[in-house]
Structures are given as C-alpha cells and as structure tokens.
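Whenever a hint applies, use it, and build me the whole structure from the sequences.
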Amino acid sequence: DAGVTQSPTHLIKTRGQQVTLRCSPISGHKSVSWYQQVLGQGPQFIFQYYEKEERGRGNFPDRFSARQFPNYSSELNVNALLLGDSALYLCASSLVLGLDYGYTFGSGTRLTVV
Amino acid sequence: DAKTTQPTSMDCAEGRAANLPCNHSTISGNEYVYWYRQIHSQGPQYIIHGLKNNETNEMASLIITEDRKSSTLILPHATLRDTAVYYCIVLSGTYKYIFGTGTRLKVLA
Chain A
1 DAGVTQSPTH
11 LIKTRGQQVT
21 LRCSPISGHK
31 SVSWYQQVLG
41 QGPQFIFQYY
51 EKEERGRGNF
61 PDRFSARQFP
71 NYSSELNVNA
81 LLLGDSALYL
91 CASSLVLGLD
101 YGYTFGSGTR
111 LTVV
Chain B
115 DAKTTQPTSM
125 DCAEGRAANL
135 PCNHSTISGN
145 EYVYWYRQIH
155 SQGPQYIIHG
165 LKNNETNEMA
175 SLIITEDRKS
185 STLILPHATL
195 RDTAVYYCIV
205 LSGTYKYIFG
215 TGTRLKVLA
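So the sequences go chain by chain: A and B. Residue numbering for the first sequence follows the working numbering, beginning at 1 and increasing consecutively. Residue numbering for the second sequence follows the working numbering, beginning at 115 and increasing consecutively.
Hints were generated in silico from the structure; no laboratory data involved. Glycine is no exception: its CB is placed at the ideal position from the N, C-alpha and C atoms.
Okay, derived cross-link-like pairs now, DSS-like style, lysine-lysine, Cα gap no bigger than 25 Å in a straight line: (1) Lys183(B) with Lys166(B); (2) Lys210(B) with Lys52(A); (3) Lys210(B) with Lys30(A); (4) Lys210(B) with Lys183(B); (5) Lys166(B) with Lys210(B); (6) Lys117(B) with Lys210(B).
If the Cβ cut is set under 10 Å, some of the chain A residues that face chain B in the computed set are: (7) Val4; (8) Gln6; (9) Phe45; (10) Gly102; (11) Tyr103; (12) Thr104.
To give an idea of the chain A side of the interface with chain B (calculated C-beta under 10 Å), a few residues: (13) Gly3; (14) Gln37; (15) Gly40; (16) Gln41; (17) Pro43; (18) Gly56; (19) Gly58; (20) Ala92; (21) Tyr101; (22) Phe105; (23) Gly108.
Have a look at this one:
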C-alpha cells in the first residue's frame with residue numbers, strides 16, 4: 001500500500017517567489033495536516049484539513065495557504081518566499097479526525113530558498 | 115495543549131531496553147499522550163499512544179503514571195535501527211501536534 005506521498009522531494013526557489021507543495025494521503029484517509037520543520041527543531045503545525053474544510057491553523061503568516069481537494073489530496077502554497085521559509089515541509093494523513101488515531105507522515109519536501 | 119519535557123539525549127546498548135521518559139505535569143483529563151520518532155531525513159513515525167492505561171504494541175510499550183503527569187516509552191530490545199529522535203506529544207481536541215525538541219536516542223553496538 002502506498003504511504004503518504006509528497007512532491008516534489010526537493011525544491012530550490014528564490015526569495016520573493018511562490019511555491020506549491022503537494023500531498024497525497026493514504027487511500028481512504030480524509031484528514032491532512034501540514035508541518036514545517038526547520039533544521040534542528042521539531043515540526044511546527046501549519047494547517048489541518050478534514051473533509052475539504054480547514055479545521056486548524058498554526059501561527060504562520062498569511063503568505064501560507066492550503067487547500068484540500070475532493071479526492072482528499074492537498075496543496076500547501078507559500079507566497080513571497082523568505083530565506084527563513086527554508087525547511088522540510090511534512091504532510092500527515094489520518095483516517096478521520098479523532099484522538100484515537102495516529103497520523104502517518106510523508107517523507108517531506110525539502111525547500112531551500114536562496 | 116499541555117507541554118512536555120524530555121531529556122535532550124540518551125544512549126542505549128543494543129539488545130537492551132531503552133526507557134525514554136517524558137514529563138507532562140500540566141496534562142488534563144482528556145488529553146492523550148502520543149509518541150513518534152523521526153529517523154534522519156524521514157517524516158515522523160507513529161509509535162504508540164495512550165490516555166490512562168498502559169499500552170503495548172509490536173513496536174513499544176507505553177507506561178503512564180497513575181497521576182498521568184509523566185510517561186515512559188519502552189523499546190524492549192533496542193536495535194541500531196532504533197537510533198532516532200523520539201517525540202512525546204500531548205494532544206487534546208485541537209488535533210494539533212506540538213512537537214518539542216525530543217530525545218535523541220543513540221543505540222550503541
């Protein structure tokens with residue numbers, strides 16, 4: 001069975017540009033979350049979507065946006081890139097929105113802003 | 115969501131049990147304790163979670179104290195492949211994981 005798939009795996013962008021990261025959850029999983037992990041730190045929550053609706057947002061600027069599609073895949077968009085946006089972006093999926101289930105994380109997209 | 119405190123790093127001999135502690139003294143009654151680990155350059159991997167009772171699965175055991183203010187993740191027979199950063203997370207209804215810096219476990223041959 002395919003796990004959580006993220007694309008691209010690596011990306012280099014220039015300051016001021018825009019980037020779109022993609023995530024395909026495990027088949028049947030309806031919840032997708034996005035996390036940012038800066039080198040040496042734990043992942044930080046950005047967004048959570050369930051059934052195509054935003055259910056949670058972390059402390060990130062409006063330059064960050066996301067959406068979930070009818071097939072439950074998701075995109076994370078970041079506008080006006082800053083050097084500080086360089087990080088590993090992780091997508092996690094779960095079957096439903098509930099505390100009795102763990103999340104399955106993808107391997108992430110490594111974004112480098114130069 | 116309650117905050118957690120973990121030691122920065124630990125070493126464990128291969129084949130021995132690795133006991134990773136976590137303090138969550140401000141946990142409330144409806145908050146779960148989750149454990150994840152992250153092997154270098156990969157996404158975090160779910161290990162186990164619990165509310166009040168001790169839990170065991172094929173990967174590990176989770177021991178939660180009676181007052182729920184701390185817990186211990188036990189890897190019964192650590193292998194070199196268990197070398198990773200281990201995160202203890204307390205989660206309530208927001209479903210938002212707050213990761214700390216975790217415990218860097220090094221399994222020694």
